[in-house]
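Colleague: Those protein sequence lines, which keep their order, are chains A and B. For the first sequence, full-length UniProt numbering gives the first residue as 1, with consecutive numbering after it. For the second sequence, full-length UniProt numbering gives the first residue as 1, with consecutive numbering after it.
It should be emphasised that the hints constitute simulated quantities derived from the structure, not laboratory data. Any given hint might turn out to be false.
Intra- or inter-copy, both count: the list cannot distinguish identical chains.
[To be verified] Here are the simulated DSBU-like pairs of lysine-lysine, each with C-alpha atoms no more than 35 Å apart in a straight line:
#, residue 1, residue 2
1, Lys487, Lys100
2, Lys341, Lys444
3, Lys100, Lys327
4, Lys402, Lys50
5, Lys240, Lys427
6, Lys140, Lys427
7, Lys163, Lys50
8, Lys246, Lys476
9, Lys100, Lys428
Since the model is a prediction, treat every value here as computed from it, not as a measurement.
Number of protein chains: 2
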Amino acid sequence: MAGTDDKKQQQSAEKKKAAAEKKQQTAAKHQPGGKKKEVKKETGLGLTYKKAENFGEWYSEVVVNGEMIEYYDISGCYILRPWSMAIWETLQAFFDPEIKKMKIKNCYFPVFVSSTVLEKEKDHIEGFAPEVAWVTKSGKSDLEIPIAIRPTSETVMYPYYSKWIRGHRDLPLKLNQWCNVVRWEFSNPTPFIRSREFLWQEGHTAFATKEEADTEVLEILELYRRIYEEYLAVPVVKGKKSELEKFAGGLYTTSVEAFIPNTGRGIQGATSHCLGQNFAKMFEINYENEKGERAMVWQNSWAYSTRTIGVMVMVHGDDKGLVMPPKVSSVQVIVIPVPYKDADTQGILDACSATVNALVEAGIRAESDARDNYSPGWKYSQWEMKGVPLRIEIGPKDLANKQVRAVRRDTGAKIDIANAELVEEIKKLLDNIQQNLFDVAKQKRDECIQVIHTWEDFIEALNNKKMILAPWCDEKEVEEDVKARTKGETGAAKTLCSPFDQPELPEGTVCFASGKPAKKWSYWGRSY
Amino acid sequence: MAGTDDKKQQQSAEKKKAAAEKKQQTAAKHQPGGKKKEVKKETGLGLTYKKAENFGEWYSEVVVNGEMIEYYDISGCYILRPWSMAIWETLQAFFDPEIKKMKIKNCYFPVFVSSTVLEKEKDHIEGFAPEVAWVTKSGKSDLEIPIAIRPTSETVMYPYYSKWIRGHRDLPLKLNQWCNVVRWEFSNPTPFIRSREFLWQEGHTAFATKEEADTEVLEILELYRRIYEEYLAVPVVKGKKSELEKFAGGLYTTSVEAFIPNTGRGIQGATSHCLGQNFAKMFEINYENEKGERAMVWQNSWAYSTRTIGVMVMVHGDDKGLVMPPKVSSVQVIVIPVPYKDADTQGILDACSATVNALVEAGIRAESDARDNYSPGWKYSQWEMKGVPLRIEIGPKDLANKQVRAVRRDTGAKIDIANAELVEEIKKLLDNIQQNLFDVAKQKRDECIQVIHTWEDFIEALNNKKMILAPWCDEKEVEEDVKARTKGETGAAKTLCSPFDQPELPEGTVCFASGKPAKKWSYWGRSY
């Protein structure tokens, strides 16, 4: 849950954003032609805030100026512009075929759920009730009974699982849907990270045995790891959530956890839950097994959402704007002509087109920016703001030397490439950028990890914005106690996960918080 | 708009469905093991209703028994099961790359829209207001102002088009989104055809000139024609809607119109609208043109929805169940072992696997049904119900003769194919089935088209369930008059479209309804 400092940051960011917009509007009034003018193009470049100094404001600004997000007139809702939507589509194009290989099929269940069904599983609805949006009217008429908009679809789907699953041959039942869900949260709306409506996939599967369910939980989690690490170049930790942090109504929850060094906060990247047989009981999802007996199914549910994009922005972005990993950037290479007064402008433009064509033919997403009303320098800034991984500049000298100049977004390094080696070198560079973004992010994340053993060290590490790895007794009451004791301006600390990759736990090690014998290592920290 | 006979049919269908379900439940109670049993497998095969006799009931039954749809506990909402969702995905896989070639980009706007914005364009909101679903509560709190769920996104998007479009270089702006929309209709809910929530794509584009907008309207319409004719094997007429039937708030509407011979009703397949400058005025979407003057944009919007699937079912389905065109069927070939007592069962099963593997390798979507608890005959019926285009049977004789037997779903024809020619012949057969489904549907549709010149002939043709082509004066009042005069149990007649492909209109031809000089040929009929 969000801490109050986020809220403050956010409010402050929104205030400043509003002020900036007002300034723009005022500026606009002084332009010839009245109230509308090319505001964006004249004033939109460059960021007002620095990532290291005002992270919240920087984030709000970078997603807007990088043209990923437009703020919407309903608070907590955001417009996903093509620049971010293309990332979502790339992740879909990876994930969807992978789950199809696992024989999971897509379906679509209604966005609406009746209150009776929604409230069938008590723990589950307790977790979601305060955030449910209710439809009570159509046109001018009141509905007979209010209808909820899905916050997630367990209760939407499982009555039908009960109907469809009769015998052991109906198992496993493995469905997924790509859809929007609504959670009307009031705290701290943040684009991608915490919005009232978001896009996700949700998988819902039912098996005859716990073993099959357990196996799938981890297979899906591995796909989530790949989304973050291979596509978004964001290092994550795979692990299991604590009892306090697991999915409401489920048996256990696994997750991939990312970390934002600037704020010192963990962020849950995606979750793969084993629901056990709890929902099966509530919704009577049972079947006749091979021995002719009734048996209950084992269920999983798992989801990743557009939050992935926000984590990527937070991890890689810098004071010049977004930094896009090549694999998910809808433009990987932007080619910019750099004409000089007396130079062969047409020749330069032709070289730009030829370069783009050669790259596109090789399967690289390249475009040229040949607009004649902007200077090359202005274009450099704009494409840096949008985070395009590689810029190619072609000027008279490059033309003469039969080369292009490539500039990396991640390091700023400038590399001259002979035309003859263009495709090969650009491919190498893009691979290199993808890897470098991950390596740099991992190094920064790893520098934040701190192993502690005592409460004093825990508090110090927390104040130093660390991702804390601590020996823990794994008791719910102790986590509740830690939360209570760390509750303050910047939000309470909680477990992020117990990593699957456990360091050795020497006998006699005690819990940092309770002094009882430690059962496992767990990551702790403040979180989004 | 729906006629009352549909409503009756529908009510009757739902009543009978409920009765059938009750019967199943009653039957279930008598089974050992209590209330749950393998109902579907024992009683679900075969259809109770015949397409020619009880079309409405037949349709409700075939979409459920064919496993496309499950009825949902909120009226007018339906579950899209994998069997229908796969069709939607196939259509997306065609359409999405096509619009990307046209440089249209995907985005995502919120599902919510504030009442102020929704009501900004008067004609538009008048068209949608009675069907809008309103969110008024979150958790237990009342919202400050009610928020609408999008029935379509013109008013959601265009305030931002106003913001994003400043100069002529920002044009054209071409966005599309894949999403759900909600229209809380009370009349005649029908799976796919008329549901309270449905899936669609909606394209929204803005241009500097009317010419560009006009061109795009037709380019998109051609893609819609291809969806129906090339993928769903459903013949459609391209044309322009009348003033009375055009999109609320737009300039003109083009559509592809299908026809359901059994009910004698036209059905709007998909629409591509030129919105003109009306929304641009309301939402102040203007820009500075090359001469430095303010100018207003020209806009289009266009959409096709999951209705496409319903039209396909209605056109091709028969008394054995669904009939799926090979291009959109997630299983194109089902391979069924036909073991005999003393025969080499393992050899047969191996031959089935080998056949599936060979087909899959060649890119054909083939599966085998090796379940040992069903007879081959039962399996034939089930896969016929699901409409799989080709069935392959492999028995001892086939094994001996190194052949397989293929059975077409569309014609029932049985063809023996030598193993050596398997892939080649199956490919040919699938192409042939796709073409035949279209040809047969077109022939049936064409037989329903009747050219008339007088009111008497019009009424007779209408009663004979014809798709009527009539010379018309193209006056709004006359269409209103025709609607009033034909209003009855089975619904009023209206224009379907004026086909782009106009027959010759000899000078002196008069309107069938008003006797005034005819301006064009138009299709008329009852419709969904």
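Colleague: Which of the listed hints are broken here?
Modeller: 1, 2, 4, 5, 6
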